[in-house]
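**Student:** Sequence:
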Amino acid sequence: MATETPLKGFIPEWDYEKEMKRWAHLFKTLNEPEPKVVHSPRNEVWRKNKSVLWHYPSKHKKYEIPLFFVYSLFNKPYILDIAPKTSVIEGLTNMGYEVYLLDWGSPGYEDNKIGLDTYIEKYLRTAVKRAIRHSGAEEITLVGYCLGGTIASIYASIAEEPIKNLIVVTVPIDFQPFMGPDKWAEGLRDGDMNIDHFIDMYGVVPPQLVDGMFRAIGAPVYFTNYTMLLSRAHDQRYVEKWRRMNKWTLDQVPFAGEAFRQLANDLFKENKLIKGELIIGNKKADLNNIKANLFVVSGSKDNLILEEQSKPIMDLVSSVDKTYVVVETGHVGLALSGLFAKMVDQWVSSRSKQL
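Residues 1 to 355 in UniProt numbering are what the sequence shown spells out, letter by letter.
Treat the hints as calculated values from the structure; they're not laboratory data. Note that this is a predicted model, so its numbers are computed, not measured. Hints may be right or wrong, so weigh each one.
Think about it this way: if two alpha-carbon atoms lie no more than 35 Å apart in a straight line, the pair counts; the simulated DSBU-like pairs of lysine-lysine are [stated by the list, open to error]:
#1 K85 to K283
#2 K129 to K342
#3 K122 to K342
The following label-pair restraints were derived from C-beta to C-beta distances [as the list claims (entries may be wrong)]:
#4 G281 to P162: 33 to 43 Å
#5 P57 to D251: 23 to 33 Å
#6 K85 to D200: 19 to 29 Å
#7 E138 to M314: 19 to 29 Å
#8 S350 to V38: 14 to 24 Å
#9 E277 to K85: 43 to 53 Å
#10 N271 to N194: 30 to 40 Å
#11 Y109 to T249: 22 to 32 Å
#12 P84 to N271: 22 to 32 Å
#13 N49 to P162: 35 to 45 Å
We treat Cβ as the ideally placed atom computed from N, Cα and C, and that holds for glycine.
Let's have the full structure, built from the sequences with the hints guiding it.
**Tutor:** So, in structure tokens, the structure goes:
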């Protein structure tokens with residue numbers, strides 16, 4: 001007579017215990033309060049509307065030329081300073097660099113008329129001037145991540161300020177390749193998707209829609225982070241890192257309407273930046289005007305920005321000193337390890353004035 005075998009019998013005893021602990025850790029992690037963001041020591045230098053310029057001083061300043069970080073308008077920039085010992089900014093200040101970060105803030109409906117022109121000319125340009133004056137330096141190194149790299153490149157092409165070095169990471173320059181659903185690209189470029197009507201109606205792009213856009217682009221691997229948590233829920237160090245990353249991933253910000261309109265029409269639809277047709281204010285954003293030393297980093301596992309989108313900048317700038325590197329990582333992988341800080345230091349140290 002056959003007897004029923006309990007579930008436990010299908011799994012070796014040691015596996016069973018491990019599975020129970022792993023699932024217990026998983027449920028505990030998913031039900032814990034969100035981790036607090038603990039920034040590296042910093043002070044506010046300048047503020048305009050929702051945007052703040054932060055200064056991260058170095059305890060042992062080694063280089064005269066400071067680093068100025070420009071992050072994407074889609075996400076909050078604390079991914080660059082997400083936790084002690086894994087913070088990109090902390091790593092660089094420990095290496096002797098003074099660091100500045102422009103936090104764009106979270107725009108409200110009253111900011112719906114803020115466009116890329118305003119962000120670049122009124123916010124970024126002024127913040128760079130303040131950082132140069134605050135640091136007492138004669139030049140600055142501009143570091144742009146993702147869309148922040150696009151914005152930094154556009155600004156560098158029209159800047160009158162002394163930009164010594166330009167570093168761009170996972171940066172979209174050529175918007176013809178598209179990582180999202182094909183129907184999105186077709187609808188936008190054929191005029192079937194009316195961005196102008198959407199912006200006129202909503203004013204700002206709500207964070208829920210921003211989150212939905214990234215889910216669609218990341219599909220079908222959007223839940224990979226949860227499967228990774230399940231497989232490593234017994235590893236407390238990994239869990240702490242995962243919790244901070246998951247908080248940042250879900251912590252989307254609204255997108256100012258006019259800026260989104262320009263991004264969608266001038267860059268995604270018309271691809272004006274790579275064509276040399278983009279106008280910011282009354283100036284043409286011609287990447288050929290960039291003469292700063294250039295360092296470009298792409299991720300071979302990036303599921304948001306393709307290498308084909310980043311690499312064209314190498315042929316468009318006038319820089320004599322330019323370096324292109326591909327790293328085996330995903331879109332934000334560099335910001336979650338000490339590798340990015342080390343790469344920046346290795347490249348920029350010889351291009352900065354040592355005290």
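**Student:** Next step is simple, just say for each hint if it's right about the structure.
**Tutor:** Do the hints match the structure? See the list:
no.	hint	result
1	K85 to K283	violated (42 Å)
2	K129 to K342	holds (27 Å)
3	K122 to K342	holds (32 Å)
4	G281 to P162: 33 to 43 Å	violated (20 Å)
5	P57 to D251: 23 to 33 Å	holds (26 Å)
6	K85 to D200: 19 to 29 Å	violated (46 Å)
7	E138 to M314: 19 to 29 Å	holds (27 Å)
8	S350 to V38: 14 to 24 Å	violated (32 Å)
9	E277 to K85: 43 to 53 Å	holds (45 Å)
10	N271 to N194: 30 to 40 Å	violated (19 Å)
11	Y109 to T249: 22 to 32 Å	holds (25 Å)
12	P84 to N271: 22 to 32 Å	violated (41 Å)
13	N49 to P162: 35 to 45 Å	violated (26 Å)
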